[in-house]
Amino acid sequence: MRQILRVVAVLLLLIAVAGMGAAQEKAGTLKCVGLYSETSDGSISYRVGAGDWIVVKVGDIIPANAQIRVNVDRDWIELTPGNNPNAVYEIHGPDTGEIIKKVTDILKGKPKLVSFPKPKGTTPDPKYKDKLIVTQYLGRQIYVRPDGDQNDIKYGDVLDIKGKVRIIAINNTIDLMNAGGGVTQVIGPLNFTVEQVLKNEKLYKYLNAH
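Numbering of the sequence shown is given in my numbering, commencing with residue 825 and proceeding in unit increments.
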């Protein structure tokens, strides 16, 4: 019996240590939440050590010991710490050549802070009534404000019910969260209003609510 208990205790310890290691690894990683690349295959990439460069995809988790490379001037990538979706770092391509940054160095910088709805049960967050928040995107998306001004959409942006969105290229996507925490993904190319998404209107067959 003692031997069995000792084995169980060792297993529990190993599981605990593994869990702590996973948590620490997650805390030191970066997640790609937004990406724009002018090349069809993507030119933003990462590698670990002297390994091959791997093209970054939206949703990828970049390892803590990796480097990130951007080598097209109009490209950009947005990244959140693995343990904090309310902080976001943005890297733009240089005018010439390439920029390479270590994940550890990126995390030492000052991020932009964003926030998201916090519904209580089935009660939507009143702070975000009649609004949508960008939780992820691929490609260039344009937000047309109620006053007519336009800007590139970025992670954490708050879109007003009277605003409009333009997804420029085919298969580009944007994920939008409402006040109740529900997320809708829209796939382009498409022009639509924020109100249409809030009312859950069918934009066309590529509108997926989950």
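Derived from the structure by calculation, the hints contain no laboratory data.
Hints are not guaranteed to be accurate.
Just the calculated beta-carbon pair ranges, DEER-fashion [what the hints assert, rightly or not]:
1. Gln1009 x Ile923: 23 to 31 Å
2. Asn1015 x Asn889: 20 to 28 Å
3. Lys942 x Val872: 33 to 41 Å
Here a beta-carbon is modelled for each residue, glycine too, at the ideal position from N, C-alpha and C.
A quick look at each hint next to the structure:
1. Gln1009 x Ile923: 23 to 31 Å: Given a distance of about 30 Å, which is inside 23 to 31 Å, the answer is holds.
2. Asn1015 x Asn889: 20 to 28 Å: violated (42 Å)
3. Lys942 x Val872: 33 to 41 Å: Holds, since Lys942 and Val872 (Cβ atoms, about 35 Å apart) stay within the stated range.
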